[in-house]
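Position chain S against the provided structure of chain D, taking the given hints into account.
Protein chains: 2
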Amino acid sequence: MKHTDVKEILLNPSLIGTDVTVCGWIRTSRDSKNMAFIELNDGTSLKHLQIVIDKSNFSDISDYMPGGTALKVIGTVVEGAVNNAVEVNAKEISVLGACPGDYPLQKKRCSLEFLRTIPHLRVRTNTFNAVLRVRSVAAAAIHRYFQSNNFVYINTPLLTASDCEGAGEVFKVTTIGYSDKYKSEEEYYADDFFGKKAGLSVSGQLEGEVAAMGLGKIYTFGPSFRAEKSNTQRHVAEFWHVEPEIAFAELDDVIEVAQSMIKYVISDVMEKCPQELDFFEKFMQKGLRNKLQNIIDNDFEVLDYTKAIELLQNADVKFQYPVEWGCDLQTEHERYITEKIFNKPVFVTNYPKEIKSFYMKQNPDGKTVAATDLLVPGVGEIIGGSQREEDLGKLLSAMEERGMSLSEYSDYIDLRKFGSVPHGGFGLGFERIIMYMTGIENIRDVQLYPRTVGNIR
Amino acid sequence: MKHTDVKEILLNPSLIGTDVTVCGWIRTSRDSKNMAFIELNDGTSLKHLQIVIDKSNFSDISDYMPGGTALKVIGTVVEGAVNNAVEVNAKEISVLGACPGDYPLQKKRCSLEFLRTIPHLRVRTNTFNAVLRVRSVAAAAIHRYFQSNNFVYINTPLLTASDCEGAGEVFKVTTIGYSDKYKSEEEYYADDFFGKKAGLSVSGQLEGEVAAMGLGKIYTFGPSFRAEKSNTQRHVAEFWHVEPEIAFAELDDVIEVAQSMIKYVISDVMEKCPQELDFFEKFMQKGLRNKLQNIIDNDFEVLDYTKAIELLQNADVKFQYPVEWGCDLQTEHERYITEKIFNKPVFVTNYPKEIKSFYMKQNPDGKTVAATDLLVPGVGEIIGGSQREEDLGKLLSAMEERGMSLSEYSDYIDLRKFGSVPHGGFGLGFERIIMYMTGIENIRDVQLYPRTVGNIR
Numbered sequence: 000m001k002h003t004d005v006k007e008i009l010l011n012p013s014l015i016g017t018d019v020t021v022c023g024w025i026r027t028s029r030d031s032k033n034m035a036f037i038e039l040n041d042g043t044s045l046k047h048l049q050i051v052i053d054k055s056n057f058s059d060i061s062d063y064m065p066g067g068t069a070l071k072v073i074g075t076v077v078e079g080a081v082n083n084a085v086e087v088n089a090k091e092i093s094v095l096g097a098c099p100g101d102y103p104l105q106k107k108r109c110s111l112e113f114l115r116t117i118p119h120l121r122v123r124t125n126t127f128n129a130v131l132r133v134r135s136v137a138a139a140a141i142h143r144y145f146q147s148n149n150f151v152y153i154n155t156p157l158l159t160a161s162d163c164e165g166a167g168e169v170f171k172v173t174t175i176g177y178s179d180k181y182k183s184e185e186e187y188y189a190d191d192f193f194g195k196k197a198g199l200s201v202s203g204q205l206e207g208e209v210a211a212m213g214l215g216k217i218y219t220f221g222p223s224f225r226a227e228k229s230n231t232q233r234h235v236a237e238f239w240h241v242e243p244e245i246a247f248a249e250l251d252d253v254i255e256v257a258q259s260m261i262k263y264v265i266s267d268v269m270e271k272c273p274q275e276l277d278f279f280e281k282f283m284q285k286g287l288r289n290k291l292q293n294i295i296d297n298d299f300e301v302l303d304y305t306k307a308i309e310l311l312q313n314a315d316v317k318f319q320y321p322v323e324w325g326c327d328l329q330t331e332h333e334r335y336i337t338e339k340i341f342n343k344p345v346f347v348t349n350y351p352k353e354i355k356s357f358y359m360k361q362n363p364d365g366k367t368v369a370a371t372d373l374l375v376p377g378v379g380e381i382i383g384g385s386q387r388e389e390d391l392g393k394l395l396s397a398m399e400e401r402g403m404s405l406s407e408y409s410d411y412i413d414l415r416k417f418g419s420v421p422h423g424g425f426g427l428g429f430e431r432i433i434m435y436m437t438g439i440e441n442i443r444d445v446q447l448y449p450r451t452v453g454n455i456r
Numbered sequence: 000m001k002h003t004d005v006k007e008i009l010l011n012p013s014l015i016g017t018d019v020t021v022c023g024w025i026r027t028s029r030d031s032k033n034m035a036f037i038e039l040n041d042g043t044s045l046k047h048l049q050i051v052i053d054k055s056n057f058s059d060i061s062d063y064m065p066g067g068t069a070l071k072v073i074g075t076v077v078e079g080a081v082n083n084a085v086e087v088n089a090k091e092i093s094v095l096g097a098c099p100g101d102y103p104l105q106k107k108r109c110s111l112e113f114l115r116t117i118p119h120l121r122v123r124t125n126t127f128n129a130v131l132r133v134r135s136v137a138a139a140a141i142h143r144y145f146q147s148n149n150f151v152y153i154n155t156p157l158l159t160a161s162d163c164e165g166a167g168e169v170f171k172v173t174t175i176g177y178s179d180k181y182k183s184e185e186e187y188y189a190d191d192f193f194g195k196k197a198g199l200s201v202s203g204q205l206e207g208e209v210a211a212m213g214l215g216k217i218y219t220f221g222p223s224f225r226a227e228k229s230n231t232q233r234h235v236a237e238f239w240h241v242e243p244e245i246a247f248a249e250l251d252d253v254i255e256v257a258q259s260m261i262k263y264v265i266s267d268v269m270e271k272c273p274q275e276l277d278f279f280e281k282f283m284q285k286g287l288r289n290k291l292q293n294i295i296d297n298d299f300e301v302l303d304y305t306k307a308i309e310l311l312q313n314a315d316v317k318f319q320y321p322v323e324w325g326c327d328l329q330t331e332h333e334r335y336i337t338e339k340i341f342n343k344p345v346f347v348t349n350y351p352k353e354i355k356s357f358y359m360k361q362n363p364d365g366k367t368v369a370a371t372d373l374l375v376p377g378v379g380e381i382i383g384g385s386q387r388e389e390d391l392g393k394l395l396s397a398m399e400e401r402g403m404s405l406s407e408y409s410d411y412i413d414l415r416k417f418g419s420v421p422h423g424g425f426g427l428g429f430e431r432i433i434m435y436m437t438g439i440e441n442i443r444d445v446q447l448y449p450r451t452v453g454n455i456r
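Chains as they are written, first to last, in numbering that gives the first Met the number 0: chain D, 0 to 456; chain S, 0 to 456.
This is chain D alone, in the form it adopts within the complex:
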C-alpha cells in the first residue's frame, strides 16, 4: 500500500500543493455545518494530521467520524490556518477498518491505571506513542554511543546455569514444570532439557567480563530477569539492561563512561524528540526540560561513601533508618544526597565490602571496594558498577569468605589466571532512564507488557 507517513507530511514543506495518500487511525473528529475535521495519526508522529472534509463533496460522512476508525485518505497537502501546521484537503476517503462503539479509548483522557488493564490498546494513546518513541530513540542512542567508542555489542546468554551471585532471585527454566513422576530433584533435573538446573540470567556481567578479556570493550543490551515478589513502582520481573565492560580500566574510567553515556543519550533524545518532551513537560512533570538540560550542562558529583555517611549524619533531618558507616543507603538517604545536598546526579564510590559483591575490587584500605552507584534525583539508583577484582588470590578469598563454590565459577576464575587485567563496568536499568527522561513514575508505564508477581498476559 503506497502511502506517505504522517511524519513526512508534517515535516516536509515540499509536499505542500501535492496530492498524497495517507493512512491512519482517527484520534478525534468534529463535524460542523459545511465542513468536518479529522485528526488522523498513523503512529509515526506524536502530532496528528488534520484532514479537512468539504461535506458537499461527500454524500455521507458518518463512517469517517468514530474514534479508532482506520482510514485511507487521498488529498491535497495545504498550509493550515494555525501554527504553520499543514493539513490535507480530502478528495477520497475509504474506511480500512471500522471501530465499534465499545472501543475502550473513546473517552478523552484515560488514567494510566486504567490503561494498564488494556496493554494491547494503550499503545494507541498519545502517552504511549510518546513513551515508546523516546524509548526507541534512547535505545538507538545507546547503541550509537558505544559503537562509536569502539565497544563491541555482545549478547550474553539468558539461559544460564550460574547466577550472578547476590543480584537477585532467579526464575527457573524447565521443559518439565509440574510433574509427579520424579522422586528427587536430581532425577528431575537429570531428565530436564539441559540435564541440570537452569535459570534466567539476572545479569550478563560475568559473561561480559569473559568477552571484554577478548574484545577489550564490550556492551550488552538485552533483557534481565528478577523473580522478586516486591510490588513497587520501580521493579518488574523482566527489564532491559545495558552492561558495558571495559578492559584496562579502573573505577575512574568506569565513571567517565557512565557519565558520558548518560549525557549522550539525554542530549540525543532532547534533539530528536522535542514534541514528546513538550508533551511530558505539560502532562507528566513540570520542569522536565530544565532537569534534563541541567544533566547535560553539569559534571556529576563523585562522592566517597565515607563522606556520604558524614553528610547524612550531619544532616538536620530525622531519617527513618539510622545512618552509620557500614550501612546500605536507603531511598530516603539517596534522595537527601541527590535532591537536597547536590541537586544533580551523584556517583557514590568505595562502599564497605560487606554490603557489595564478591567480584568487586578490594581497595588497599582493606575495608572498602571500588564500587559505584549512580544516584539520580527523583529516580534513585539507575547505575551500579565497579572495578572488578583482577587479582586471583584476592578474588578466591572473597569467594571463600562468602562460602561460594569455586568449581561453579571456574570459567570466571580462569580470567584471573590467564592474562588478568584491571577492568570494570556497570549496569544501567534501561527503564529507569526512560522514567527519568519522561517523568513517568511507574515502571509499568514505560514497557509494552510489564511483568510483575501475579501479573502476566
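Among the hints, erroneous ones may be present.
Any copy, or any two copies together, can satisfy a pair, since identical chains are not distinguished.
Each computed SDA-like pair below joins lysine to any residue, with the alpha-carbon atoms no more than 20 Å apart [to be verified]: (1) Lys-1 x Glu-389; (2) Lys-339 x Gly-438; (3) Lys-195 x Gly-453; (4) Lys-196 x Arg-225; (5) Lys-1 x Ser-259; (6) Lys-71 x Asp-252; (7) Lys-228 x Tyr-263; (8) Lys-1 x Asn-149; (9) Lys-196 x Val-169; (10) Lys-196 x Ala-226; (11) Lys-366 x Gly-402; (12) Lys-1 x Gly-383; (13) Lys-416 x Gln-105; (14) Lys-416 x Asp-62; (15) Lys-195 x Glu-185; (16) Lys-32 x Val-51.
Derived from the structure by calculation, the hints contain no laboratory data.
This is chain S only, laid out in the frame that chain D set:
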C-alpha cells in the same frame, strides 16, 4: 588507565612520531639476537600491533614473551618496514597479568570444535574477534536501518502466558521447579510466581502486531527461545530475532522491506569490516566477498510456491522427499531452488494455507496464504514472513479450524475488531545472517555461549 586503542594507533597516521601508552594481550612473540617482536592485541582490532623491543634497553625480556600475557607498553609510534603498517618501539613495558604455560590457546590454530569446549577463552582468538565484531556491526546496522525508516524499536515480553502458535516448543518458567508438595498441575501453577503457567517467548510477533496498530511501523530485536531437542548445525535453544511489523502494508511491502534491510546490513558490514571479511574469505569460505557483492547488486527473486513446485517437479534430479502441491519444502528443495535454479536469494510466496499459521492472510483463491520465506544459497531459510489476516471473521474461522482457544487470544482478536488495517511483517534469525556473512557453518560458532539440548555452562 589512560591508553590508546590498538585500532586508533593502526588507523590514525597522525600518531606517527608520538609516544603512546597501549595495552593488550600477547598473541605471538619472537625473539632474535638483538631484537624481540610482540604482536599485541587489545580486542579493538582484528589486526595486531607490532611492538618492537631493542633488547639492549631491557635487562630481561622473558616476562614479555608468553602468549596470553597482558602488557602495558609505552613507546613511540613509527612506520613499519612492511605493508605500511605502523609499529611501536617500546620504551617501557610492564606486565599487567602473566599467563602460565597451561593456557589452552598456546597452540597456533585450534579447531572450532576444540574452541567450543572453552567458550570463555575462545573470544581471544582471531576467529571470534572477527565473528563477534561482524555480529556487532550487523546489529548496529539493523537498528540504523529501521530507525532511519521511521520504525519504532519495541521490546516485546519474553515471559509470556501465550505461545505464538505452531512456532515451536516452549520453555516453562517457574519459581518452583521440582517439588513434591503439589497434588495437581492447577495447585502447582496457582502457587507459582505468575499464578498461572508461563513460558519463554518463541516470537514477539503477536505483541509486535499490537504495537504496530499504535505506532505504525515497529521492529523488535531481542532473544527468542525454542525448546527443540534437534541437534543440528542451524538450531540453538536461544537465538536473537529481528521482527518488524508494518501497518498499512501488504505482502509486497513486507518483501520490499526484507530485501532492502538485508542489502543494507550486508553493505554496511562490507564497508566497516574489510579486514574481517578478508579473514573469512581466507579461512572460512572462498568466494565470500563475491557472494555478498552479488546480493547487493541484484534483485532477489520472487517465486510463487505453485511455480516453485512446478520447477521442482520438472527438475532432472531425484529428490529424497517427493514433491507435490501442498507439501512443505525440504532443505534439498530449497537448495535446488536457490543454488541450482536462481543462484541468489529467493522469496517463495503464497504457500498452501494448511502448512502455514492461523494468522496469515487468506488469499482469494481459498487455498493459499500471503506468506513468504526468504531462501538463501548455502544457508536456507533466513526469513519467514506474511501479510496478517486483518478480517475478523476469517481470522476467527482459521482459529476455529485449528481448534484454538479464542479466549486466550482475545487481545489479538481485538486488533481486528477496533480499526483493523492491512499489515504484515517478518522474522529474521539474526544468527543465520551472521553465518551467511562470515561463511561459518555452525550456529554455535556465531554466539558467545550457545545453548543446545544437554548443553549449558
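Hint-by-hint comparison with the structure:
| no. | hint | verdict |
| --- | --- | --- |
| 1 | Lys-1 x Glu-389 | between (58 Å within a copy, 18 Å between copies) |
| 2 | Lys-339 x Gly-438 | within (19 Å within a copy, 58 Å between copies) |
| 3 | Lys-195 x Gly-453 | between (27 Å within a copy, 8 Å between copies) |
| 4 | Lys-196 x Arg-225 | both (17 Å within a copy, 17 Å between copies) |
| 5 | Lys-1 x Ser-259 | between (42 Å within a copy, 16 Å between copies) |
| 6 | Lys-71 x Asp-252 | between (53 Å within a copy, 16 Å between copies) |
| 7 | Lys-228 x Tyr-263 | neither (34 Å within a copy, 44 Å between copies) |
| 8 | Lys-1 x Asn-149 | between (39 Å within a copy, 15 Å between copies) |
| 9 | Lys-196 x Val-169 | both (11 Å within a copy, 17 Å between copies) |
| 10 | Lys-196 x Ala-226 | both (16 Å within a copy, 15 Å between copies) |
| 11 | Lys-366 x Gly-402 | within (19 Å within a copy, 64 Å between copies) |
| 12 | Lys-1 x Gly-383 | neither (47 Å within a copy, 22 Å between copies) |
| 13 | Lys-416 x Gln-105 | between (64 Å within a copy, 14 Å between copies) |
| 14 | Lys-416 x Asp-62 | between (72 Å within a copy, 15 Å between copies) |
| 15 | Lys-195 x Glu-185 | within (8 Å within a copy, 25 Å between copies) |
| 16 | Lys-32 x Val-51 | within (13 Å within a copy, 86 Å between copies) |
Hints 7, 12, counting from the list given before, are not met by this structure.
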